[in-house]
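Residue numbers (my numbering), protein chains in the order written: chain A, 1084 to 1372; chain B, 73 to 437; chain C, 105 to 341.
By construction, these hints were calculated from the structure, which means they are not laboratory data. Everything hinted at is true.
If you want the ones that stay clear, here's a sample from chain A, every Cβ over 12 Å from chain B, calculated:
1. Leu1238
2. Asp1256
3. Met1257
4. Gly1325
Reference listing, derived: stretches of chain B covered by chain A, where coverage requires no fewer than 3 residues with Cβ under 8 Å from a Cβ of chain A:
5. 186-198
6. 204-216
7. 336-345
8. 394-404
Pair ranges (Cβ atoms, derived):
9. B:Thr332 - A:Arg1173: 36 to 46 Å
10. B:Phe96 - A:Thr1292: 42 to 52 Å
11. B:Pro223 - A:Thr1292: 24 to 34 Å
12. A:Ala1260 - B:Gly234: 54 to 64 Å
13. B:Pro223 - C:Arg174: 48 to 58 Å
14. B:Leu183 - C:His298: 46 to 56 Å
15. C:Asn171 - A:Phe1091: 44 to 54 Å
16. C:Asn171 - B:Ala415: 51 to 61 Å
Backbone N, C-alpha and C define an ideal beta-carbon position, used for all residues, glycine too.
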Amino acid sequence: MQAELLAFLYQWGDAFTFLVLSAMGLAIIFGMMGVINLAHGEFVMCGAYVTVLTSRLNLPLPLCMLCGALTAGIIGIILERLVIRHLYHRLFDSIVATWAISLIATQGTLVFAGPSIEGIKTPFGSFMLGGYSFSSYRVVLMVIAVLVLISLYLLFMKTKYGVHARATIQNPDMARALGVNTNMIYSLTFGLGAALAGLAGALYAPTTTTVPTMGSAFIVQSFVTVVVGGANALVGTAPAAGILGVIQSGLVAAFGQTIGQIGLLVTVILVVRLLPKGLSGVFSRSGNG
Amino acid sequence: MGNWFSLLNGPQTMGNGRGFWVSFCAVILILVALPLFADSYLINNIGFFFVWVFMSMGLSLLWGYTGILSFGQTAFFGVAGYAYGVITLNFGSSYGLTFAALLVAVALAALVALIIGYFMFYGGIRDVFVGIVTLSITLVFETFMAQTAGPEWAIGSARLNGFNGMSGMPPLTIPWPGQEDIALEGQYLFWFLVALVVCVYLGLRILVNSRFGNVMVAIRENPNRAEMLGYDVRRYQLIVFVIAGALAGLSGVLYTTWGTYITPSTMGLTAAALPIVWTAAGGRKDLTATLVATIFLVWLSQILAVKGSQYALILMGFILLVAVMLAPEGFVVTLVKKIGLLARRSAPKATSVSERKLADSSSSS
Amino acid sequence: MTPILATKGLNKRFGGLHAMNGVDLNVERGELRCLIGPNGAGKSTLFKLILGTYPPTSGEVWFNGENITRLLPYRRVEKGISIKFQVPGIFQDLPVAQNLLIALQHRLSKEAAKAELERLLALLDLQPARAQRAGELSHGQKQWLEIGMAIALSPSLLLLDEPTAGMSPEETFKTGELVKRLNQDGMTVVVIEHDMAFVRQIARKVTVLHFGKIFVEGPLDEIISNEDVARIYLGKD
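Work out the full structure: start from the sequences and follow the hints.
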């Protein structure tokens, strides 16, 4: 009985971790600027590719992953300055523009790096408990996910950037009037969101095949988590990941991948219907900051 | 009937004057005459462009006219394409069955659109969330179809075949008394496509310039206000969604008969981007602009496909990006408006374009 | 006589906020009623509940002796209620004339709609702007266009939410005259307003809302000279 419970917890933790890590970047960008970044999957891909390519230089893996996240972040800042900035008041256009970027990124990677590149092995191997085999690396990822959540909380609550960012989310005009450089905040936040996406890609690179379209495995989950979690990334994303983790791991275990995806889809529809502001709306009155 | 005829011109379409219609007829005459002196390679290629036009006009209807951004049109494309394959591979092509298969396939796509649309619009899903839901649907379909490689995945005698796709289905055939069925291939398919494009295009022009069309644009502009004028917004959204789904399905069937072949990649994420590129680049708020842009961009992709289709897609991405940033109304529309402005400046006595359009629409019976 | 509009114990909570606190509003056919009250009193909320933009937490809305609480907004509009929102809700990208036509085409045939369009354009002084994009109108003109769209439906009950917001004194006066004329022709009108000059120009009976409840109701003169009313306003002003 204990082993079954542990196995279930592992499955749930694994799903939760994946959802949190992949959705956090998207949630922050959406919560801050209301931009739906359809190129989110490609930042994930960027993080993974950079990680794999730098690992060929025989650098330690964590450093490679850091490179992956940073590259994604820097590209994010550049894109924000060049493209996204002009589209803040044009929601549809920002969606289409980010999708265009996604198309360019996937096809560009396909052209210049080929249909796939050789990945890296999952480190740490596995351990046995009560007849079940668990991947140690995935447990490490669970710990990392929690650390990421804590770091983000500290970032937004205790640093100057965090205070300015939250003020900008609440009321950009007021923040600007009080001397906050909102343009810089938007750039940095978009970069942060991109870096988090890149981090997800970097962390999961050892577990998946590195192909240009690998981002698509992350976007549906990310979007669903953001919809369920609502605009407040700090308050909504983690609980959303928790709940969706249960739904998804249960469905996939019982019926397979496709049903798992359909289950998430149905959840989105139900949540939009019943809880349009997501869990953020439940936990805080305005659903913001 | 005369009433409908007058709706060919109206506030929701550009190109209402005599010059436009004369050029339109001229183009049709040229197209009809083309197979008589052009080689079959060219004819086949041009026919290929026409295959896609229905899907993008449907998207124009949905997004440009009604303000609903759907990433899921390729799902209907695929459903209808596969349905045609399944039906014809199982039942053959005699007695005009292929046309029945076409109708059934399109109807199936429309049905799927009806179900999805009902859950979305009557379930309170609006704006951005429609995009997210339709995006997810596209992904679900793609993933599902891609893993149907095994022999157990077959409907009747038609194997779904996973990534490799389904092939070998018969082209459209017309039964002819006293002789063998005429297969719509080559120039016959070409003429059929031209006729279909013209009929659908004219039909859609009538639709968007009618009262129904007025409500469509009202919903795009301000759905709340449209509801407060007594219109059941959900019903209009659903109807347009079904029409767009059927049109995407039509493209799907025609694609399948054109190449006797269909794969899951036609339902995938990248494929779903293409109609968005075409409508955005041309001008989603106008049918003619969308039509022109679709044909041009598919032709462009074909030329670039020599180098490798991935380059074509990168270019498409850039075109979309540039369109959104610099010409959000679409290149064709922006161009036409600029030309209109120039014309007005050189002839100051002429009434403005929109005044003339209103005069046209209110003076026609 | 059944009142044309009757709300019974209308309550609305938004999370912790009790926006509407048991409102029993009765409006007789042919009335011209003004709804006033300090900011946050719940006036717009009341309109939205009457229209059905969201359902009440409890309570009912009755129109012409029929319980419409369960009906969707577009059904209520079909029954004869029409609203002009606080923020101009027009079709920005479409020409002025088409805005009005869309409002008219629902109930009128093409010819009748065209005739009515001319009448409305004249009434609203929007003839010179008929081909202009509605988004390019001045704020006052936009308000008028939306009022025009609301009355194009020939409603039996017209709800106007701050119709003169952002208007000049001349435009405000003209709006007042228009509202009085519509009422004389038989339309029941309920107006939310902050502009007391406008209220004085048009109102006969006034309802004062405060904290989501009806504070006091009565003829214009009584309300104006009511000290309690002055006090709840002074508290905010």
